[in-house]
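Asker: Construct all of the structure, not just a fragment, from the sequences and the given hints.
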Amino acid sequence: MLKIRGEELTRSAMAKKIDFSILHPDSTKEQIIEGIDLCLKEEFNSFCVNPNYLEIVAKGLAGSPVEPSVVLDFPFGSGTPAIKKAAAADMLDKGAKALDLVIDVGALKDGNLDLVTAEIKSVVDMAGPSIKTKIIIEAQLLTDEQVRQAGKCIAEAGATYIKSSTGRHGGPSLHTVKLMRESVPSSIGVKVAGTGSFWTGTVVLGCLLAGADLIGTRNGPAILDELPLLEAVFGPLNS
Numbered sequence: 077m078l079k080i081r082g083e084e085l086t087r088s089a090m091a092k093k094i095d096f097s098i099l100h101p102d103s104t105k106e107q108i109i110e111g112i113d114l115c116l117k118e119e120f121n122s123f124c125v126n127p128n129y130l131e132i133v134a135k136g137l138a139g140s141p142v143e144p145s146v147v148l149d150f151p152f153g154s155g156t157p158a159i160k161k162a163a164a165a166d167m168l169d170k171g172a173k174a175l176d177l178v179i180d181v182g183a184l185k186d187g188n189l190d191l192v193t194a195e196i197k198s199v200v201d202m203a204g205p206s207i208k209t210k211i212i213i214e215a216q217l218l219t220d221e222q223v224r225q226a227g228k229c230i231a232e233a234g235a236t237y238i239k240s241s242t243g244r245h246g247g248p249s250l251h252t253v254k255l256m257r258e259s260v261p262s263s264i265g266v267k268v269a270g271t272g273s274f275w276t277g278t279v280v281l282g283c284l285l286a287g288a289d290l291i292g293t294r295n296g297p298a299i300l301d302e303l304p305l306l307e308a309v310f311g312p313l314n315s
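Numbering (this note's numbering), first residue to last: 77 to 315.
Misleading hints may appear alongside valid ones.
BS3-like, lysine-lysine: derived pairs with alpha carbons at most 30 Å apart [unchecked claim]:
#, residue 1, residue 2
1, Lys254, Lys135
2, Lys173, Lys197
3, Lys185, Lys197
4, Lys228, Lys161
5, Lys185, Lys135
6, Lys92, Lys135
7, Lys254, Lys170
8, Lys197, Lys170
9, Lys254, Lys197
10, Lys173, Lys105
11, Lys79, Lys105
Derived DEER-like restraints, expressed as beta-carbon distance ranges [claimed, not checked]:
#, residue 1, residue 2, range
12, Arg87, Ala158, 37 to 45 Å
13, Met77, Thr156, 48 to 56 Å
14, Ser206, Lys135, 16 to 24 Å
Keep in mind that the hints were calculated from the coordinates and are not lab data.
We treat Cβ as the ideally placed atom computed from N, Cα and C, and that holds for glycine.
Answerer: Have a look at this one:
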């Protein structure tokens, strides 16, 4: 038996910790439809896509427990707060149940925390409590103190999750995942993404042990298929 923080990690339990994502700029409609079928089969936590495919995903997942999710101002986060808020409104109209918003990383690094908090809060307030808001901080570009500051902005704005990365600059270290967990209250979740093809079951276990609650990845099926091996190798550590 494989357990993480006291929870038995069955295939179904692991699937609920995965936000399946297809975010490549050259993604096709056929790939998105295949992704919908896969999400319905495995019942991942959500299916995160670019805005142009959200309506297809929302319709395809209707009636299922899998949330249609979309990225906002991805991958740079350099849009104005008004642009981000307008994009969020459009995506909510098209069926989004979760919004993955990229912050203005430059503003954070400049120390303009009021702007960062305000842009997050404008989206959070408009979305309302029923919509999950996952705030991408591009942690690999930040110092430890800036990660802490980002966590403070996210907490003050009332968002649902702090999220590590877009993937454009790679994924976070386990040190950074742990730091993200420590930077927000326990009521706010931690989502880790951005390691691309390096997402393996072992990496996922490390992130979960470091404090992650959700994993954003395209490699969801492969990770689930690794579970028997992970249980054989790491299960004895739980005993």
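Asker: Give a verdict on every hint.
Answerer: Going down the list of hints, with the structure as the test:
1. Lys254 with Lys135: violated (36 Å)
2. Lys173 with Lys197: Roughly 17 Å between the alpha carbons, so the hint for Lys173 and Lys197 holds.
3. Lys185 with Lys197: holds (19 Å)
4. Lys228 with Lys161: holds (20 Å)
5. Lys185 with Lys135: With Cα atoms ~39 Å apart, Lys185 and Lys135 exceed 30 Å; violated.
6. Lys92 with Lys135: holds (20 Å)
7. Lys254 with Lys170: Cα-Cα ~35 Å, so violated.
8. Lys197 with Lys170: holds (21 Å)
9. Lys254 with Lys197: holds (24 Å)
10. Lys173 with Lys105: holds (20 Å)
11. Lys79 with Lys105: violated (37 Å)
12. Arg87 with Ala158: 37 to 45 Å: holds (43 Å)
13. Met77 with Thr156: 48 to 56 Å: holds (50 Å)
14. Ser206 with Lys135: 16 to 24 Å: Since the Cβ atoms of Ser206 and Lys135 sit about 19 Å apart, the hinted range of 16 to 24 Å holds.
The earlier numbered hints that this structure contradicts are 1, 5, 7 and 11.
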